[in-house]
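Q: Chains as they are written, first to last, in my numbering: chain E, 16 to 360; chain S, 18 to 214.
Treat the hints with caution; some may be incorrect.
Chain E is nowhere near these chain S residues, computed Cβ spacing over 12 Å in every case [stated by the list, open to error]:
1. 27
2. 30
3. 56
4. 59
5. 78
6. 86
7. 171
8. 178
Cross-link-like lysine to any residue pairs, in silico, SDA-like; alpha carbons within 25 Å at most [stated by the list, open to error]:
9. S:197 / E:20
10. E:23 / S:20
11. S:205 / S:98
12. S:204 / S:98
13. E:23 / S:70
14. S:77 / S:98
15. E:231 / E:218
16. S:197 / S:154
17. S:77 / S:138
18. S:197 / E:18
19. E:23 / S:168
20. E:22 / S:186
21. S:197 / E:17
22. S:204 / S:189
23. S:185 / E:246
24. S:185 / E:261
25. S:197 / E:45
26. E:22 / S:204
27. E:358 / E:261
28. E:231 / S:74
29. S:197 / E:85
30. S:185 / S:151
31. S:205 / E:56
32. S:185 / E:16
33. E:23 / S:202
34. S:205 / E:17
35. E:23 / S:134
36. S:197 / E:50
37. S:206 / E:64
38. E:23 / E:75
39. E:231 / S:98
40. S:204 / E:19
Hints are computed from structural coordinates only; laboratory data are not their basis.
For each residue, glycine too, the CB sits at the ideal point set by N, CA and C.
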Amino acid sequence: MRCNQLKKSLRLAESREALRPEEAAHLDSCENCRQEYELMRRLSAGLRSVPSPQAPAYFSVGVMARISAAERERRFGHNWLGLWRRFTVAAATVLLIAGGVFGLLRSIGPQVPIVASDKPPEITQPTKPPASESTTPGPVVSPGDVSPNTQPPSGGPAVNENPPVPEPDSAEQPAMPPKEQPPEEPVAVAAAPRPTYAFLSIQRVLSSTVLRVEVKDLAAAKAQALDVGRFWGASGRTCVDSTSDGQSSIEVLQFVVRPEKAEELIGALGILGTLLNRQDEQSDITDDFNKTRAEYESMVASRNEAPEDLRTQIDSELNVMEKQLMQWDEATGNRTVTLCLVKPF
Amino acid sequence: MVDIRALVAQAQDGDNEAFEQIVLLYQDRLYGLCYRMSGNHADAQDLAQEAFVRAYRALKNFRREADFGTYLHRIAVNLWLSTKQRNHNELSLDDPVLTEDGRLPRQVAGNSRRPEEVVEEAEFNSMVREALSRLAREHRAVLVLREMEALSYEEIAATLGIAPGTVKSRLSRAREALKKTVSQLAKKKGLALPGMD
């Protein structure tokens with residue numbers, strides 16, 4: 016038995032017992048081959064020292080989200096992705112949260128586009144009673160009933176002085192806006208007054224979390240994120256325009272979720288890729304909200320008395336303000352999670 | 018005792034909750050395999066999730082008498098072998114022992130070796146992991162399946178879709194390649210290890 020013959024056998028012999036008698040005898044008599052055997056044993060031990068970690072939290076959620084996205088893509092092709100890209104940035108809309116996000120992201124990374132889309136958000140009207148609580152992921156609770164403290168504008172024949180607490184299906188609400196979302200295009204009807212949304216006079220503190228996650232496929236990650244958001248009962252808004260900082264492509268999505276589901280949603284979003292950064296903050300926007308609301312109500316009154324050629328312009332501005340107020344209203348008492356998906360070039 | 022065959026049957030009938038139960042049952046084992054192959058968590062997660070997605074898509078073709086774990090293994094390994102090399106940092110020499118405890122105590126605990134022996138062993142194991150990350154994927158796969166997953170030659174053959182004889186020869190070449198790479202790394206660090214040429 017020569018050394019090079021034994022060394023060849025040693026590559027497959029995983030114990031001394033696996034050696035043939037002549038191989039074992041050579042091993043006993045040859046220091047060189049004993050060292051080779053010892054080395055192969057140490058190499059095996061080294062390989063076995065590589066850990067086998069457990070799957071991270073929410074792994075199965077990520078799998079099911081990927082399956083949903085794959086199924087949707089299979090059924091509808093890529094067209095549904097194009098829907099999001101048709102929305103344009105509402106230049107006049109500056110979300111306080113987004114403003115905080117921009118400042119935050121400027122300090123840690125690239126410029127972030129305005130998140131709001133001109134697609135009306137899926138928000139129930141402010142006067143609906145809140146949805147019942149549930150321990151399982153469910154819809155975001157809508158704001159509470161109308162408070163008698165709201166100040167309806169004067170001169171608006173369609174708005175009651177003291178609007179009663181509405182029933183969801185009540186027909187006695189001529190002053191309240193229809194359940195469908197505010198009109199996207201301003202309607203310049205000669206004598207049609209514009210209905211006014213009413214908002215509660217309450218303290219408004221916004222809790223927000225910004226996540227920055229590096230991914231390999233932006234479109235897939237965005238689809239997964241929206242699925243994950245739906246799973247945890249979050250209302251999700253997608254970014255309207257992707258952007259880049261010269262080094263990577265970026266997509267931004269925003270979710271509003273019940274506080275008790277927030278950490279689970281954040282955890283699930285964080286594992287869509289490599290979590291680069293997480294920042295949490297709280298902002299009291301009560302003053303800003305009340306100023307905007309006062310301006311909005313005043314502008315509605317002016318609009319109803321303005322000549323027709325000016326009403327279109329005023330309606331356009333009112334749409335923006337309504338959207339702003341409704342987004343703030345939805346965010347109050349919930350957690351806003353802004354997800355920045357980053358794909359390096 | 019979970020009846021995996023029943024879950025698979027339900028999943029094949031379109032029950033997604035049953036499939037999610039399957040994911041929960043196998044996720045740790047599959048994630049561990051993917052981590053050991055890819056060497057980092059980002060790729061491991063991507064790989065493992067994609068393996069489950071592909072398993073889901075091919076469920077209709079899965080024969081219920083087969084072992085679902087082996088089926089998943091096969092998908093994951095072949096997926097990994099067929100994907101392009103990623104740019105993520107793979108296991109590096111400086112990585113500590115990646116346990117939940119994090120560090121050397123994993124090796125120190127339960128043995129009476131001197132601290133310097135423990136450090137030497139940790140350094141050697143680190144070189145082995147580095148060498149593993151540098152091997153060709155075919156060699157890495159067979160080493161992971163044999164040394165870490167402790168699969169038999171027949172199971173490895175079924176996973177890789179090759180003959181058991183081919184498994185042995187590939188394993189032999191893989192170990193030789195690992196030994197040579199570790200030797201090169203040791204030389205670079207100025208270490209002389211017994212048995213190194």
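Q: So residue 178 of chain S supposedly isn't at the interface. Is its beta-carbon more than 12 Å from every beta-carbon in chain E?
A: holds (21 Å)
Q: Residue 197 of chain S and residue 18 of chain E were given as a pair; does the straight-line alpha-carbon distance stay at or below 25 Å?
A: holds (17 Å)
Q: Decide, holds or violated, for the assertion that all CB atoms of chain E are farther than 12 Å from the CB of residue 59 of chain S.
A: violated (5 Å)
Q: Would the hint linking residue 23 of chain E and residue 134 of chain S be met if the CA-CA limit is 25 Å?
A: Cα-Cα ~29 Å, so violated.
Q: Does residue 204 of chain S lie within 25 Å of residue 22 of chain E when you go C-alpha to C-alpha?
A: Holds, at about 21 Å.
Q: Against the 25 Å threshold, does the CA-CA distance of residue 185 of chain S and residue 151 of chain S hold or violate the hint?
A: holds (21 Å)
Q: Under the criterion that the straight-line Cα-Cα distance not exceed 25 Å, is the pair residue 22 of chain E, residue 186 of chain S satisfied?
A: holds (14 Å)
Q: Does the no-contact call for residue 27 of chain S survive, Cβ to all of chain E over 12 Å?
A: holds (15 Å)
Q: Taken at face value, is the distance from the CA of residue 16 of chain E to the CA of residue 185 of chain S at most 25 Å?
A: Holds, because 21 Å separates the two Cα atoms, which is no more than 25 Å.
Q: Verify this label for me: residue 56 of chain S is non-interface relative to chain E, using a Cβ-Cβ cutoff of 12 Å.
A: Given that some Cβ of chain E is not farther than 12 Å from that of residue 56 of chain S, nearest at about 9 Å, it is violated.
Q: Please work out if residue 197 of chain S and residue 17 of chain E have their alpha carbons no farther apart than 25 Å.
A: This hinted pair holds, its Cα atoms lying about 21 Å apart.
Q: Residue 23 of chain E and residue 168 of chain S: Cα distance at most 25 Å?
A: holds (21 Å)
Checked against the numbered hints given earlier, this structure breaks hints 3, 4, 10, 11, 12, 13, 15, 17, 23, 24, 29, 34, 35 and 38; the rest are met.
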